[in-house]
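S.K.: Each chain, written out:
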Amino acid sequence: MCNAAGNTAGRLHRLPEIECLFPKTVEEAVSVLEKHKDSAKILAGGTDILNKMKRRTLVPKYLVNIKSIESLKYVKVVDNELHIGANATYNFIQQSKEVNDLFPMLAETVLMIATPQIRSTGTMLGNLCNAVPSADSAPPLIALGAKIKVKGPEKEREIMVEDFITSPHICALEPDEIAVEITIPIQAGRGKYIKHMLRAEGDLALVGVAVYLNFDANSVCSEAKIALGAVAPTPFRARKAEKLLIGKTLDSSVIEAAACAASEEARPIDDIRSTAEYRSEMVKVLTIRAINNILKGE
Amino acid sequence: MKQIMRFTINGVTYEENIDHRRTLLEVLRDQFGLLGTHKGCDEGHCGACTVIIDGDPVNSCQILAVDAAGKNIKTIEGLERDGVLHPIQQAFVDSGAIQCGFCTPGMIMTAKAFLDKNPNPTTDEIKYAIHGNLCRCTGYKQIVDAIEWAAAAMREEELR
Numbered sequence: 001m002c003n004a005a006g007n008t009a010g011r012l013h014r015l016p017e018i019e020c021l022f023p024k025t026v027e028e029a030v031s032v033l034e035k036h037k038d039s040a041k042i043l044a045g046g047t048d049i050l051n052k053m054k055r056r057t058l059v060p061k062y063l064v065n066i067k068s069i070e071s072l073k074y075v076k077v078v079d080n081e082l083h084i085g086a087n088a089t090y091n092f093i094q095q096s097k098e099v100n101d102l103f104p105m106l107a108e109t110v111l112m113i114a115t116p117q118i119r120s121t122g123t124m125l126g127n128l129c130n131a132v133p134s135a136d137s138a139p140p141l142i143a144l145g146a147k148i149k150v151k152g153p154e155k156e157r158e159i160m161v162e163d164f165i166t167s168p169h170i171c172a173l174e175p176d177e178i179a180v181e182i183t184i185p186i187q188a189g190r191g192k193y194i195k196h197m198l199r200a201e202g203d204l205a206l207v208g209v210a211v212y213l214n215f216d217a218n219s220v221c222s223e224a225k226i227a228l229g230a231v232a233p234t235p236f237r238a239r240k241a242e243k244l245l246i247g248k249t250l251d252s253s254v255i256e257a258a259a260c261a262a263s264e265e266a267r268p269i270d271d272i273r274s275t276a277e278y279r280s281e282m283v284k285v286l287t288i289r290a291i292n293n294i295l296k297g298e
Numbered sequence: 299m300k301q302i303m304r305f306t307i308n309g310v311t312y313e314e315n316i317d318h319r320r321t322l323l324e325v326l327r328d329q330f331g332l333l334g335t336h337k338g339c340d341e342g343h344c345g346a347c348t349v350i351i352d353g354d355p356v357n358s359c360q361i362l363a364v365d366a367a368g369k370n371i372k373t374i375e376g377l378e379r380d381g382v383l384h385p386i387q388q389a390f391v392d393s394g395a396i397q398c399g400f401c402t403p404g405m406i407m408t409a410k411a412f413l414d415k416n417p418n419p420t421t422d423e424i425k426y427a428i429h430g431n432l433c434r435c436t437g438y439k440q441i442v443d444a445i446e447w448a449a450a451a452m453r454e455e456e457l458r
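Heads up: the sequence lines are chains A and B, in that order. Just so you know, we're using the working numbering here: the first sequence kicks off at 1 and counts up by one. Just so you know, we're using the working numbering here: the second sequence kicks off at 299 and counts up by one.
Calculated directly from the structure, the hints in this document are not laboratory data. Small disclaimer: the values here were computed from a predicted structure and weren't measured. Do not take every clue at face value.
With beta-carbon atoms standing in for the labels, derived distance ranges [to be verified]:
(1) A/I269 - B/R434: 46 to 56 Å
(2) B/C339 - A/E19: 18 to 28 Å
(3) A/E158 - B/Q301: 32 to 42 Å
(4) A/N100 - B/C339: 28 to 38 Å
(5) A/V220 - B/T306: 51 to 61 Å
(6) B/D328 - A/E19: 14 to 24 Å
We put the beta carbon where it would ideally sit given N, CA and C, even for glycine.
Just chain A, with the same shape it has in the complex:
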């Protein structure tokens, strides 16, 4: 089935002709990428890239299959950070003791993502590289100040998650770079991610709101991060809203003012699943809910 432009994107085909390469180390993977540039793409979980290939929106000649690099499948504490490796599947992350103890918001978020089958196979870092505006792991990671470690042929760099998704389906990776790790600073506050869906489960977010708060000894808010997903071309921090919380005791009028500000910072669109107006309103509602949820200490 072609559209008027003769473009078959949108219809599913069998996978195109590919060659899988199986690097044994990250360095080997990087040299493959350097050698083949845009005609080579990384395959980790595969749950995003294979679909793109079936629709012919992405047609690499080489799949750099990093599943077999065992050393990339980890969740571990290093210095004062939690490190999540590129091959850590959603299940692996959700079942990790370190994630549950240090960042319960992240473990909870994983159970809101996709389906059990996808969570057995897909990786969190791969999903961030897929870079959709509604990526559920992005708002919680942004609210936690997380970074992504990227390796290229010459250098290594670290990119804040909020800077990693640069526009819909485009991430900050150069063609010869591989994202190897998510790093999250260990911190004392509490967070909550709320994902608003049309269905009960297994759906994309209509609106995603992640809030992270920390308080001083007098219950005054000392730190606040509010990250919004699915309401702009990329997930982002509602910084004006955050500033309305810091240094204050969070009563209902303070919370409402911040939630209104967050709603104003959102730039959602009308699409087949919802309207901009509804999404804006839900940013406000969910921001209030997330903050109250944190205050209740659940």
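Given the structure of chain A, go ahead and fit chain B onto it with the hints provided.
M.R.: Only chain B this time, still in chain A's reference frame:
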């Protein structure tokens, strides 16, 4: 680009020369004639192609055959024991959970993987466990009932 690959499916080992571009779903059906695993959406949404790999439910349309090589794969054909239906299969028959039957193998494999890890689930836990398997016929009630009945039957088997 083809490669010799070895698969262990339902305890049996197969070796074949398979193209890198084939998914596990295609290989199960086209190469090994295991037609019980169904192609629904081919995109990892509907769960009709669900198989169990190393104990986890997985969409076989989302895995390249080369990545499934060397793993322990279980399909619907592997559930029966000496010609007798597995308790989950029997429960699906008994509860009327099978209408057109298209979602059924995937649904049963998801249930198997789930019950192996959670032998005494609540109704809500069952509903959550199957949210990656879509059914257009039943409205899910008979399916959830079947899984509850199967869980009870499997627990009883364990005690015997």
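S.K.: Taking the hints in turn, state whether each one holds.
M.R.: For each hint, the structure was consulted:
Between A/I269 and B/R434 the beta carbons are some 30 Å apart, a value that contradicts the proposed interval 46 to 56 Å. Against the hinted window of 18 to 28 Å, the Cβ-Cβ separation of B/C339 and A/E19 comes to about 26 Å, which satisfies the hint. In this structure the supplied range 32 to 42 Å holds for A/E158 paired with B/Q301, their Cβ-Cβ distance being about 36 Å. The hint said 28 to 38 Å for the Cβ distance between A/N100 and B/C339, and at roughly 32 Å that hint holds.
Here the CB-CB span from A/V220 to B/T306 is close to 60 Å, well matched to the stated 51 to 61 Å. A hinted range of 14 to 24 Å for the beta carbons of B/D328 and A/E19 is consistent with their spacing of about 20 Å.
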